[in-house]
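2 protein chains.
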Amino acid sequence: MVTIGIDLGGTNIKGALIDSKLGILYSFSIETEADQGKDHVIGRVAEAIQMAKAKAEGEIYGVGIGSPGVISYDRTTVSVPPNFPGWEKENLAEILREKTELDCFVDNDANLMALGSSRFGIGKQFDSFIMITLGTGVGGGIIYQRKLYRGVTGGAAELGHVIIDTNGPDSLSPARGGIEAYLGQRFLSRLAWEEIRKRTDNPLYEQFSGDPARLEPVHLVREADKGNALAIELLRKAGEKLGIAMVNYVHVLDIRKIVVSGGVAKAGEYILGPAREMAMKRLLEPFRTDFEIVYESLGNDAAVLGAGSLPLEHNNI
Amino acid sequence: MVTIGIDLGGTNIKGALIDSKLGILYSFSIETEADQGKDHVIGRVAEAIQMAKAKAEGEIYGVGIGSPGVISYDRTTVSVPPNFPGWEKENLAEILREKTELDCFVDNDANLMALGSSRFGIGKQFDSFIMITLGTGVGGGIIYQRKLYRGVTGGAAELGHVIIDTNGPDSLSPARGGIEAYLGQRFLSRLAWEEIRKRTDNPLYEQFSGDPARLEPVHLVREADKGNALAIELLRKAGEKLGIAMVNYVHVLDIRKIVVSGGVAKAGEYILGPAREMAMKRLLEPFRTDFEIVYESLGNDAAVLGAGSLPLEHNNI
Chain D
1 MVTIGIDLGG
11 TNIKGALIDS
21 KLGILYSFSI
31 ETEADQGKDH
41 VIGRVAEAIQ
51 MAKAKAEGEI
61 YGVGIGSPGV
71 ISYDRTTVSV
81 PPNFPGWEKE
91 NLAEILREKT
101 ELDCFVDNDA
111 NLMALGSSRF
121 GIGKQFDSFI
131 MITLGTGVGG
141 GIIYQRKLYR
151 GVTGGAAELG
161 HVIIDTNGPD
171 SLSPARGGIE
181 AYLGQRFLSR
191 LAWEEIRKRT
201 DNPLYEQFSG
211 DPARLEPVHL
221 VREADKGNAL
231 AIELLRKAGE
241 KLGIAMVNYV
251 HVLDIRKIVV
261 SGGVAKAGEY
271 ILGPAREMAM
281 KRLLEPFRTD
291 FEIVYESLGN
301 DAAVLGAGSL
311 PLEHNNI
Chain R
1 MVTIGIDLGG
11 TNIKGALIDS
21 KLGILYSFSI
31 ETEADQGKDH
41 VIGRVAEAIQ
51 MAKAKAEGEI
61 YGVGIGSPGV
71 ISYDRTTVSV
81 PPNFPGWEKE
91 NLAEILREKT
101 ELDCFVDNDA
111 NLMALGSSRF
121 GIGKQFDSFI
131 MITLGTGVGG
141 GIIYQRKLYR
151 GVTGGAAELG
161 HVIIDTNGPD
171 SLSPARGGIE
181 AYLGQRFLSR
191 LAWEEIRKRT
201 DNPLYEQFSG
211 DPARLEPVHL
221 VREADKGNAL
231 AIELLRKAGE
241 KLGIAMVNYV
251 HVLDIRKIVV
261 SGGVAKAGEY
271 ILGPAREMAM
281 KRLLEPFRTD
291 FEIVYESLGN
301 DAAVLGAGSL
311 PLEHNNI
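Protein sequences appear in the order of chains D and R.
So that you can map any letter, position 127 of the first sequence is 127 in the working numbering, and since no number is skipped, the others follow by simple counting.
So that you can map any letter, position 94 of the second sequence is 94 in the working numbering, and since no number is skipped, the others follow by simple counting.
Keep in mind that the hints were calculated from the coordinates and are not lab data.
Heads up, a few of these hints could be off.
Cut-off 27 Å, straight-line C-alpha distance, at most; resulting in silico cross-link-like pairs (BS3-like, lysine-lysine) [what the hints assert, rightly or not]: (1) K124(R) to K266(R); (2) K89(D) to K281(R); (3) K147(D) to K281(R); (4) K281(D) to K147(R).
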């Protein structure tokens, strides 16, 4: 079956024509132009849908859209997406169905990453898994018995806001001490700099003392690759925190397969090794059986593949 | 429909004849005699089932048994229940079906408390809720869309082992800093005593300095009722920790109704008030809508009512 997947971001709208067996048939990206307001952006999304539709040979089963903001349980409505001026509560699915004559469904990005992994990525091998997206923020999606677990309002799996230290550092979230406050890109960098600044003989100090704000997790990884013990230590500490958060997810959900993706996840074993070690230490014994952390290598394609899978998942196909 | 509910405890076996509409028709308790070994105990359970069956006028739909230990996903088998000498991995459901000619199902106590509350208690009003049992340990059960959420192996909702402080106090669990390390009866008492011993002028010091091990949460409640500021403060701190744990459950599950039961929960608003306050502070804004903490007053009946509901729930009735 052929569907359209759209990933609505603050800067770009990514679109793809998706075959439910073969994956991406055709993909492209256009600018969001969010500063031109709500109607303009919705028009751009409709354009993207038409662009994908024009490339299709047969019928389109439906459209899935990954969007920021709070999504309604029925997958129609987006509320106050950050960085989208002029948006309040918009029934995106209905507006787009009128414009395109296709069935449209909306969900959040992390859920769609999980769905994409489940149908096209490393998640295919698991009936149930927990997706953790490690990027600017920390997001999550839960696949349970091959379906998204969505909670009561569709807002489940806010995994970045699971608290691991009651008195831990602040992030932009009211959930102070949440795992995002350690692993979110900017927070990881900030916490790393607090240590690096004390080590004036370290190459990382030399590189970033002029402008610490430039420090990104990728720089820690590069230094770790060169054998920089401080960089390895900083990534290890971050990984251990992630391991604690995983213990919490597993003890609540009894799902022992963890799929990680996103920019920070590219730190690979520097973070995931210590996460695995810590989790295996703190998990209740029965939960250690079959516990596994794997990396999703689909990258951003997972989101658009998940978006394209949404009309099928929604209709239990 | 009429079923039998059994609550297999280390000291007593509680049994009841349950009407799915009316609740408990008849109930009783016999000694477990766990020290006499596995076969004896299973025989005692079979006796309890026969005692209940003898009181029934019509047909029995099935039997549900609440048991300690790890329960298999298919609800037949119990592994290594603590304080049951001689038990390893026992297919309790099959053995009891042979002995009683009734369909038998096993699940853990906290799950059955949740099910009992959902069908006969305060949980009836909620399609989805999180049950927290505050007793010797801290347990949990998750009702999602009127069914138990059970995870991949049936072990979901180990809510006492959700970590809120990575470097928090030890309990008997590998999940150091888990909420059980603060709220489990003996841990709450131990943490309270650490403060009380510094306050030699406090009535609690006078009462328990001879034998601090006698201090139980109920004593804190009695003192709080008399206006003892230290007792109120100690319960408040425990409640705030519980609030943090609730934030974690809600952010993972997107279920905003919390039902608490068990001995420690009888501290009521001394604990639940501060828990509610803390949760409302740390929850992401959208999750504060409809967030509610309520108390299950069925007491231990919830477990046996849940056990009696198990054959129906298992068969989607």
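A quick look at each hint next to the structure:
1. K124(R) to K266(R): holds (20 Å)
2. K89(D) to K281(R): holds (24 Å)
3. K147(D) to K281(R): Given pair K147(D), K281(R) is violated - Cα atoms ~32 Å apart, limit 27 Å.
4. K281(D) to K147(R): violated (32 Å)
Checked against the numbered hints given earlier, this structure breaks hints 3 and 4; the rest are met.
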